[in-house]
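Chain D is already provided as a structure; the job is to place chain Z on it using the hints.
Protein chains: 2
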Amino acid sequence: MTATLIERLSAIVGAENVLTDAVAMAPYLVDWRGRYHGAARCIVRPDNAEEVAAIVRVCLAAGVPIAPQGGNTSHCGASVPDTSGTAVIVSLSRMNRIREVDAANNTMTVEAGCVLQTIQAAARAAGRLFPLSLAAEGSCQIGGNLSTNAGGVQVLRYGNARELALGLEVVLPSGEIWHGLRGLRKDNTGYDLKQLFIGAEGTLGIITAAVIKLFPLPGTVATAWLSIDSPAAAVRLLGELQARFGAALTACELISDISLGLVLKHIPGAQPPLAASPDDPHALRTPWHLLIELSGTGEEADLRAACEEFLGAALEKGWIDDAVLAQSGEQAARLWDLRERLSEAQKIEGFSIKHDVSVPVSRIGEFVERAGAALQAAYPGIRIVAFGHVGDGNLHYNQSKPEAAENAEFMAAQPDVNRIVHDIVDALGGSISAEHGIGQLKRGELAHYKSAVEMEMMRAIKRTFDPLGLMNPGKVL
Amino acid sequence: MTATLIERLSAIVGAENVLTDAVAMAPYLVDWRGRYHGAARCIVRPDNAEEVAAIVRVCLAAGVPIAPQGGNTSHCGASVPDTSGTAVIVSLSRMNRIREVDAANNTMTVEAGCVLQTIQAAARAAGRLFPLSLAAEGSCQIGGNLSTNAGGVQVLRYGNARELALGLEVVLPSGEIWHGLRGLRKDNTGYDLKQLFIGAEGTLGIITAAVIKLFPLPGTVATAWLSIDSPAAAVRLLGELQARFGAALTACELISDISLGLVLKHIPGAQPPLAASPDDPHALRTPWHLLIELSGTGEEADLRAACEEFLGAALEKGWIDDAVLAQSGEQAARLWDLRERLSEAQKIEGFSIKHDVSVPVSRIGEFVERAGAALQAAYPGIRIVAFGHVGDGNLHYNQSKPEAAENAEFMAAQPDVNRIVHDIVDALGGSISAEHGIGQLKRGELAHYKSAVEMEMMRAIKRTFDPLGLMNPGKVL
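First to last, the protein sequences are chains D and Z. For reference, each letter of the first sequence is one residue, going 1 to 477 in the UniProt record's numbering. For reference, each letter of the second sequence is one residue, going 1 to 477 in the UniProt record's numbering.
Chain D with its partners taken away, still in its complex shape:
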């Protein structure tokens, strides 16, 4: 049976694009954090939507589960199949063509396997911005970005991946192709079907191409690092920044001093943002930091002057303790590097229990206080690494023991730590997965916190599109 399946799949994509060798398959079977190890019959690497559709029809006829895979950078095990070995992994990597750039329409038509960074570069080459930006951009693929509704650092201004998609081409669990590659800003002809596939993590079909939105390329940028006392101060500053700069505020990242400390400890060459040297005693004097980016299309000198004026007034009013406005692109890049290497520094430091939560922006201060107090009460001395996108109410909120040796034991506490954090998130009207999705990791938590009505609507949609449950089983639901 399996042999026949492999032969049929080879007939569709060519034998060279059906991987069955253990060594060749290995990188597709483990997630990037190394937490999920799956198994599969083979990896199939189609070249176009028709081939994807033919693969799905063959699997459907054989009752074989399908695991679609992009850049395999999921934080939640969404891109790796279970350990049964029954699934076929459909890798979209070969579908990496940019089909069209329409600068006058501010759109680009891309295949699912295009790497995010490649898309950003192609947009720039056309004098446009594709604003989706996140740490994995060098390897994640747009199909995965859309399937997980990826977020990142510019959501504040440009929205999540969902808001950046105008049209989709999708292979349905039936093996039919939905040709929905429309590049329209307004289209009210019936149900907006693309919304179903965005964020569905491949459980309702396989996104094979998309029409994505482009924006004018901001030629003017001002980047600043602000030292502040608390998350509540960050929320206040966010409001003042939005009132003054509106859409020109394109990023607003909150970083706890503990988080910054890990970067300074583990990343070679990392320097405190406000210090002349690493030994400067004033380097890390506030418990929280805010990294802001203003960008736009006017004169850079005007934007920088307005930013300086704002920071001066903020200092005077006591909203901030200190600030630095980057004096060069290089300095701005160094400030951003401190933010972007947080995950890497944490990984070097060792194990931590991670949360990717959101609450209404107005409740961020309350969340940090309540969750911190509850965790310290339950686990005295626990270390909390918190950073994130304050303008989106989204915090990455991770816990570990200060001593690496204690973490093996602490790992077992994960369900209890999750419950403490997620109960507070839930009480504040928040989300237990702001931008990383559900995958395998948070299925239990999803079922715990969603209402029966909401779970049943999701299951009903799943049954309608995929009655046999063959499309990325074991994910989300």
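Mixed in with the good hints there might be a few duds.
As the list makes no split between identical chains, a pair holds if one copy fits it or if it spans any two.
With a straight-line cut-off of 20 Å between C-alpha atoms, the simulated DMTMM-like cross-links for lysine to aspartate or glutamate are [claimed, not checked]:
{"#": "1", "residue 1": "Lys450", "residue 2": "Asp192"}
{"#": "2", "residue 1": "Lys462", "residue 2": "Asp192"}
{"#": "3", "residue 1": "Lys462", "residue 2": "Glu330"}
{"#": "4", "residue 1": "Lys450", "residue 2": "Glu176"}
The hints are simulated quantities; they were obtained by calculation from the structure and are not laboratory data. Please read these numbers as outputs of a predicted model, since none were measured by experiment.
Just chain Z, lined up with the frame of chain D:
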């Protein structure tokens, strides 16, 4: 049976909120254009979601169709039931409370029956902008705006109604309530169910409340009227304006000179935008016009100076033939009035065959040329009234005979005129309903242009949510 139903409904909402009298019911039974006259058993006016749910359960048990109704301003007959008289109209008008304004979160929680203008005013009172803006704002309700994914003049900057909603409360066709009133910018916990109800025109459930996004209130505005030669010139200017002003370009409206002529003819006091007086021979010298609005949070003098500089350069380069920058809020309001009263002026002029289409912005010039040529060939001398939101690729594109007397005959040509226009829209990858939805008016056209795969996906969703087909039957599908 009907008597019993009325009694049961009265027990839920009180007898005074079940209208059965013909005179009281009349305004609910005809659409605002006067084209659709429906019939109903009664009008029920619930006060809250629990009452709506109880009404739905009573109707479900009795097998009675439900027609949800907001401000009854649909252009497509979406808000009026069919003529069978079997339906119960559920009017959301009494559910008009603003439940919460969270300025720090930039959100507002509103009930479905809130009039759009009331919401705009409440946002302004909190120092915020709710950017949804359209001609019917004085009477349309937010529940209807969301159910039809309303567009309007600020979509270019802020998106359609869909992009302005963060959470929903919905009464499902089963009579259950989905409590999805989340005010989160990021929430990737499973399928994004609210997307299904937005734009579904009440066929999948009744939206009873929503959490909507607010924005910083732009204190700085510059409004200008530009005289141009063609839609292609408008698209070019749009690109230049976006490159120069980015998100500060908040509106960009294209108006044909024929359209403007109707306003000047029928609206008392309307004056040509570029003329010193109505008799000024230069008043209407170009075939097309562009009304632009720049707005932001900086200094008004800076924005006006930048706009003047842009217009000067545009004149010099021959991109525009003439321009006026409004010198006062009053003058800006007069320019906007010329745009906003186009529909009214058309109505006074008499019958016209209307289209609400979109194409990729890059194809607008081609659309206007091809459709104009095809229509003139089929109907020599036909008058085309075209105006719309060029930044969204959205044109209102209406046809009539120059002589009112000929229009009775021309009315019969509607299917043929639709076919000519919509075939060209379809060939250009456009939409036959950009912002008005489908309702009763465009059901046939929807089925004509959508693929079998897409129609079947929509029907499958409808069957899943509303297996008995009782929720706003005869609309969309």
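Going through the hints against the structure:
1. Lys450 - Asp192: Classified as between; 13 Å across copies, 23 Å inside a copy.
2. Lys462 - Asp192: Both. Shortest intra-copy (17 Å) and inter-copy (13 Å) distances satisfy the 20 Å Cα cut-off.
3. Lys462 - Glu330: neither (48 Å within a copy, 54 Å between copies)
4. Lys450 - Glu176: The answer is between: 15 Å across copies meets 20 Å, while 31 Å in one copy does not.
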